[in-house]
Amino acid sequence: MSALLEVEGLTKRFGGLTAVKHVSFALEPGEITGILGPNGAGKTTLFNLLTGFMRPDRGAIAFDGAPLIGVAPHRIVNRGLARTFQLTRPFIGMTVVENVIVGCLAPRVRAEGHTEVRARDMLDRVGLGSKADLMVDALSYGDLRRLEIARELVTRPKLLLLDEPFAGLGTSEIEPLAALIRELHKSEGLTILIIEHRLREFMQLVRRVIAMDFGEIIATGTPNEIVRHPRVVEAYIGRGGDDLEARLGVATEVVRGTA
Amino acid sequence: MLDILIYGAVISAVYALLAVGFTLIFGVARILNLAHGAFYALGAYCVYTLTANLHVPLVVAAIIAVLLVALFGIAMERVLVRPLRRLPPLAVLMMTLAVGLMVEQILLLIFGSEARNVPSLVESSFNFGGVLLSGQRLLAFFCSVAILGGLWLFMQHTRLGAAILAVSQDPEGARYMGIPSDRIFSIVMGLSAAIAAAAGVLVAPFQSVIPGMGLLPLVKAFAIVIVGGLGSIPGSIVGALLLGYTETIVAFKASIEWSQIVSVAAVLIVLIIRPAGFFGKRAAF
Amino acid sequence: MLAWGSLSKTDVIAAIAVIALLAVAPLVGSRYIVGIMTVALCYAIWATSWDFMSGLTGRENFGHALFIGTGAYTAGFLNVSFGLSPCWGFPAAAIVAVLFSLVIGIPTLRLRGPYFALAMLSGAVVMQKLSIIFSETTGGQDGLNGLSPMLRSQVSAYYFTLAALVVTVIVLKFIALSPWGTILRAIRGDEATCQAAGINVNFYKISALMISAAFAGFGGALYANYQLQVGPDLFDVALSINIIIMVYVGGMGSIYGAVGGALLLIGLTEGLRSFSEYRLWVYTLILILILFFIPNGVIAPAWVRLREWIKGRGALFTRRASA
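If you read the sequences in order, they're chains A, B and C. Letter by letter, the first sequence follows residues 1 to 259 of my numbering. Letter by letter, the second sequence follows residues 1 to 285 of my numbering. Letter by letter, the third sequence follows residues 1 to 323 of my numbering.
One or more hints might be untrue.
[Claimed, not checked] Estimated spans, in silico, between C-beta atoms of each pair:
| hint | chain 1 | residue 1 | chain 2 | residue 2 | range |
| --- | --- | --- | --- | --- | --- |
| 1 | A | A111 | C | E136 | 20 to 30 Å |
| 2 | B | F252 | A | A167 | 53 to 63 Å |
| 3 | B | G178 | A | S172 | 29 to 39 Å |
[Unchecked claim] Just a sample of chain A residues kept apart from chain C, beta carbon distances all over 10 Å, derived:
| hint | residue |
| --- | --- |
| 4 | E6 |
| 5 | S24 |
| 6 | F25 |
| 7 | R58 |
| 8 | I69 |
| 9 | T84 |
| 10 | E152 |
| 11 | A167 |
Treat the hints as calculated values from the structure; they're not laboratory data. Glycine included, C-beta positions come from ideal geometry on N, C-alpha and C.
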């Protein structure tokens, strides 16, 4: 069974800084995987490289067997690779349902027609059904995240990249969003790759974690393995230990192995 | 060759003055001030009125003119621009545009469309290795450089200058630190207007002082600032040199009309190659 | 920013009423008035075509006169220099304007905001200067003169222009209300998000510019055929700026607001004639007042409110009738 996404030796430099260094990994269909790393580890750059918003200096990306480098972002989406952004920027001046309708107009799914019906359906699925006719600037941060997921889902992706979906959310909004992601993973049969720098959400959501630091992969494994991995702990503690718990989102006892 | 060097320097210096004023108010307050050309024209007309009608000595008239236009700029910012700041940036842009049009109309009404004569401060001409340069042009060059130098010193070495730099980087953050951002916006507008007026005062003796004199300098300042990168003072100076010398070279080698086309085409080409200008940061809208 | 994305019966009825009013004008107005209104209708076409591109996508084009002048000169050349029937000028004007839009639009695709505005402005200025320099071909400052008119009477020229405007508004509003228009408004919202939704943003940006150019060029040909002369002032910065002001006053993004803005402002300049030399000053003063107190535009927001009021009253009426 060939992998859905294969990344080989991906490298990206910005002037003197190497943001992504020889990154290689593969995603099997149906997996839900996390990319963990402190700020500046190169995670978002990796997403930008995978989705065509940036070109790598070296390396190869194959999605569904076809090479992805040099393909324009919108075409990548139309091949079935969708992504959300860390800083959600919806289509302001339009309603919530119109925002999702735009996704229905992507060439990949446009022929299905019934754009408004499909859009409203998807909004119901993500829990925004009642807010469909509001203007987007009325939505909360958490709702905007759901909106973005809805917009990407209507393009019927095979692989969904979520860039820090929980960033900036209050505790009451995180669990519902995580539950939504879990449910969508099951029902849509999606392959999902999530970036986060807080471990708590990963523990419950992902099967496998790829840990990055300074642009390189430093470890892969299950969430339990990763949280005890010496290089990972060092990457977080080495940054200044007093907010270790906040950084990892996990009780210090778990990290220290005393839980 | 020498003539191109010298004339280019004079033109570039005045362009730099105009461009820096324009980029200053953008860099600090994110305002694309389309009334900038009006400030330039008002500077020239103030000097004219003071010297011709009120018989004020030229140097005094120059200073008064610059101060008056600075006040006008501050008034425009307080009364017409500040209330619109919470609206999309286009609203402020259109308002400054309308003010510029208004000023032109008022000048037309008061002074008519005939070119006005402003006396030169320096009557004589100077010879630089065979190149004849009018004293006024030379004065314009040195004053422009002096004003720009003074501005740089002001920004680097005074508390107000530091405050202005702080506000240009982060108006909200500056407010938290106790810097009155709103007042800084007004002050910078006054400063920008003063610089534009100074340019108008300096060139008035050798440019035609007509009500519409501000349009072309506005377009050029706009172009220079964008090519140099919005909000970047060094970028504006580089852009001014680029535009000034391009125009001078083409004017000498071909004709004045071609120099205008080439400079505009150069702007277009730079934009295509470097979408954010040479040193550009973020766009206004 | 108000959402303009729907068309109701009230809108259609109002549109028909406005068209009817405009159609009646030549019967009640003097030759002079009809002439002014013909020019106003040309401005309305230019303003509508500007709004379609810049009002919807949010990329403000400060050089719309490029397409107007190009269309006008194309029509002029075919008419005067090649002696062709004026009918050929119209499609030719649109086609040439579209070609120019490709030449300047493709290299400037990645420009944003003021950078795009300046690039388009530069394009118009270059063409203006070129038309003055190559005076042997273009007639320089005097331009091309002595076009042979397509329609003999002033009144039929007026109706032809009115018909062109109606077609323009219908076509552009139709596109604006379609999924195409939704995508254009999404581009205004955020381009990166649009790309991430699978949309080919560059295609929609360039096609919007092309459509805008086609109608502007057509309008330029109309103007040339009315004035029977073409000059470099049709490339002027002032023309581009005036059109932007008209759309802004009418309500950006609404398409029909631009028509109202054009008619309003031309009507204003005419109506202020009694102020003689103070005319333009009063005009800019009124402009400042509008920009200050009614920054969302006059026509479109007013119509939206009026329409709600009408609907409210209409509902009352039908309720009473059925009671």
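Which of the listed hints are broken here? 1, 9 and 10
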